[in-house]
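Student: These are the residues of each chain, in order.
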Amino acid sequence: MTLRYSTGAGSNSEATSKRPPRWAESLLIHMLKPRDRESIPGDLFEEYWEERAPALGRARANLWYYRQVLSLASFHGGPMKRSLMYMCFFTLATSVCLGLTENLLRPPLFEVRIGWAILLGVASLSTILYLVLPEYRLLRILVSLGAVLMLSPAIGAIAMTLGGEGHTLLIGAVVILQLSLSVLTLLFVSDAPGSRLHRVLAAVMCNSIFLPGVVRRPCQSISCSPDSPWLHSHSSRYCSAA
Amino acid sequence: MADILGGFEQAVLLTVLKLGDGAYGRTILKEVSICLNRDVAAGAVYATLDRLEVKGLISSRLALGTPARGGRARRYYELAAAGMGALNETKAALENLWRHAAWPVGGDA
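Top line first, the protein sequences correspond to chains A and B. According to our numbering, the stretch in the first sequence is residues 106 to 347, in order. According to our numbering, the stretch in the second sequence is residues 438 to 546, in order.
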């Protein structure tokens, strides 16, 4: 339902200088559920226009506005939280696929990478369950534990993604989206359970796809291994470069 | 007996009750901040309002916007009968809990 009075505010230069940043307004509107897309931005606009901008000045009023937008980022399971869940599903599916691929191709150190893929799968599943069932303490512990486990490899793996190609680029793009979404939804969610440390760890967890075993270059990973039964029948296709 | 309302839920419900016909998002946010004596994030208030509406403790309606809010509609909130009941039950339960405790707890404040 849309009820309009007039658009008096914003019709002249003074009004334009006293209104919140348009990109932040636009972001807020897209994050909210359809029923709230009129009223909540209107409330914040009114507060900004009448109180914050005149009292604090534009820069500090903008900061206030950004904070409100962040606090509304995952307003009751809105699109942001759903998107993060889809990302985690993608990560889960990726970990399963890569784990199976490693098992088929059996390059050097494939056992280690399969281990990482399993950890990644467990972590993604825990994060999904954490988002769906936040009241379960065990899930929070699992998510946090996984985050600690994967923090150090994640840092090293970021560098490896820079020379990306093929699926690395795809996964890298998803990771960037996942990072933004998880920071927004988990760090700035006002009603999220757990302490801030818990939420930081959970946000790290959501980005654990940086694991080196998962995002390494495909050509390097498919070096020929004589142990791979699958490679015997596909060697001409996959091992010519090696 | 119904579940006892949380502290923030009580604050929001009592604010809606206090503001009466003038209870919409912005006024509720300001009033809750004043009553709790701290800066309250908009997300916390709107999430609570949403939850209370889902529980049937409050109801809402849209009204015309004004130029000061870019012409956008206001959503006014009103306490439902179930909300009154929940507040009364919560107060009774808390008073019952406090009845046997000396105030201030642990001696002189």
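FYI, nobody ran anything at the bench for these hints, they're computed from the structure. Misleading hints may appear alongside valid ones.
[Stated by the list, open to error] Some but not every residue of chain A turned toward chain B, in silico, with C-beta under 7 Å: (1) Ser144; (2) Phe150; (3) Glu151; (4) Glu152; (5) Glu155; (6) Ala164; (7) Trp169; (8) Gln173; (9) Leu177.
[What the hints assert, rightly or not] With a straight-line cut-off of 20 Å between C-alpha atoms, the simulated EDC-like cross-links for lysine to aspartate or glutamate are: (10) Lys455(B) - Glu130(A); (11) Lys467(B) - Glu216(A); (12) Lys138(A) - Asp458(B); (13) Lys138(A) - Glu490(B); (14) Lys467(B) - Asp487(B); (15) Lys528(B) - Asp476(B); (16) Lys492(B) - Glu526(B); (17) Lys123(A) - Glu156(A).
All residues carry an ideal CB built from backbone N, CA and C; glycine is no exception.
Student: To test your reading of the hints: which numbers does this structure violate?
Tutor: Of the numbered hints given earlier, those the structure breaks are 6, 7, 10, 11, 12 and 15, listed in rising order.
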